[in-house]
Structures are given as structure tokens and as C-alpha cells.
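Protein chains in written order, with the working numbering: chain C, 1 to 142; chain E, 1 to 142.
Just so you know, the hints here were simulated from the structure itself, not pulled from any lab data. Please note that the accuracy of each hint is not assured.
You can't tell identical chains apart in this list, so a pair holds if it fits in one copy or across any two.
Unchecked claim - Computed cross-link-like contacts, SDA-like style, restricted to lysine to any residue with a CA-CA straight-line distance of at most 25 Å:
| # | residue 1 | residue 2 |
| --- | --- | --- |
| 1 | Lys107 | Asn79 |
| 2 | Lys107 | Leu93 |
| 3 | Lys107 | Leu34 |
Keep in mind the model is a prediction, meaning the values are calculated, not measured.
There are 2 protein chains.
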Amino acid sequence: MSEPRAMQELSRTEALQRLGSVPFGRVVFTRRALPAIRPVNHVVLDGRVIICSHEGAAIVGVVGAQDGVVVAYEADEINPAERSGWSVVVTGLARIVDDPEDAARCKEALHSWLAGEMGYVIQIEPEIVTGFELRRAWPPGP
Amino acid sequence: MSEPRAMQELSRTEALQRLGSVPFGRVVFTRRALPAIRPVNHVVLDGRVIICSHEGAAIVGVVGAQDGVVVAYEADEINPAERSGWSVVVTGLARIVDDPEDAARCKEALHSWLAGEMGYVIQIEPEIVTGFELRRAWPPGP
Chain C
1 MSEPRAMQEL SRTEALQRLG SVPFGRVVFT RRALPAIRPV NHVVLDGRVI ICSHEGAAIV
61 GVVGAQDGVV VAYEADEINP AERSGWSVVV TGLARIVDDP EDAARCKEAL HSWLAGEMGY
121 VIQIEPEIVT GFELRRAWPP GP
Chain E
1 MSEPRAMQEL SRTEALQRLG SVPFGRVVFT RRALPAIRPV NHVVLDGRVI ICSHEGAAIV
61 GVVGAQDGVV VAYEADEINP AERSGWSVVV TGLARIVDDP EDAARCKEAL HSWLAGEMGY
121 VIQIEPEIVT GFELRRAWPP GP
């Protein structure tokens, strides 16, 4: 249980598949020159990471204030008892989905967890995709 | 299972307790003007969040290059099936622990998960602490 672990890189394809296999992650952005992070639920649709938010939310203020802003999005599945699992980070341009038809399709796919009007659909284009898996360092895992 | 959820704020004390109850989280920082995030294991010691890293790691480059830099640290425990759980975010100054005695005590408490020499102990001073719990929106949870 307490053997050391090594990090093994995932390919872009593998990383995006894992991201799509889980329902939530964390959006990372800069707000008033400070690093900020918010857990949200997501869906991967047409190669984009889709999240929803509401009027007044920090992420909406940041993304909506400009014509897109670079954010990071992280998801992981880590088992602390086994010290096993993976983590994926996508970095790319986030922007509000303005097209009503596209936004409706995104909302339908997402099923937001939160009550209340989630008026804003945000898409993140995965430009940089990195991921790793935690494996036993020694002996090497299968 | 699919009822909407509401976010209920946690007090600072409650939030730090929850952070201390889990073994890992995610450190969030700015690197080359881009938001960056890395999952790491942590321990809360003397009111500080303690993480370890190694020569060449992005976080060591960022924190070590200056006499402290502001980062965010997030941990959560979320059950997607139940859509229940909590998330805590600490924002504060991160710096390398230089004092050899203090660094040794931190390493001892931390038990890094990763193999190899984790030469750098980093402490994050919790300046801003926020947290929330996901509860049923309606009917209100207990």
C-alpha cells in the first residue's frame, strides 16, 4: 500500500478519453491576478470540454469579459488507499457558447448538477492536453 | 439521484478540517502567464498546507524563483453517483521551506507518494479559505 509510485504519461487520445469518462473536474483560471479554481461538472462534446455556469459566477465574469481567455481544466480519478489513478489537464481557450442551438445541445448533454438557471455554456478548446497515470515504481506495474 | 443540488458555504475552520482529512489535492499556479494545476499529496501541519516536489518540477521553478508566490490549493471529496460532497480552496503565499529541521519534520509528516528524491518542501499559508458542500436543493437536506 505504501510503495512509492511513478508517473507514466498518457497520450493525448488516452487523456481525452479519460476526461470524457468522468462527470466532473476543476476549471482553473486567473482572476484579479490570483490563481482561482472551481469544481464543476463537465461533458466532452465534439472535442470540446463543456461546462455551465450562472450569472455572477467568477468564471463567467472572466470568460465573458473578453473574447475568450486561456484556462486549464483538470479531472482525475485517484484512489488514496491504493495510491493509484490518473489525472488529465487540458489547457486552452475558453469562451461563452453564443449560438443558441449549440448552447441548447450542450446543456442537454451536460445535465448540470446545480439548481437554478445556468444561463452560460462555456466551451474549452483542448490545445495542450497532458495526462499521467500513477503506477507502482518498483516492481514495475503490468 | 438526479435532483438538483445547492452549494452551502463552509466556515474557515470547517474547511481547513476537511482539507486536513484527505491526503491529496491540487496546487494551482501561474506559469508563463498560463494557468497550471498539478495533483499532489499534502498534509496540514501547524496551519500550513505542506506539499513536496522535486528539482525540475514546474511548481518548484515558480515558487523557488521568487521569495514566495501566491497559489491556490484545492481538495474535494465528491461522489458523482450521489452528487454529494465538498470542495475547499485555500489561497495564499507558497514558499520553499528552507529550515532543514522544519523541512525534515514536514517530509516525515507527508510521506510523499512518489518515488525518487523529493528535495523541496513547499508550504502554503492559508490566507483566503473558502469551501462549500453540495446538498440537495429541494427538499432541503438535513
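Hint-by-hint comparison with the structure:
1. Lys107 / Asn79: between (30 Å within a copy, 21 Å between copies)
2. Lys107 / Leu93: Result: close within a single copy only, 19 Å intra versus 37 Å inter.
3. Lys107 / Leu34: neither (29 Å within a copy, 28 Å between copies)
Violated hint for the displayed structure: number 3, the only one.
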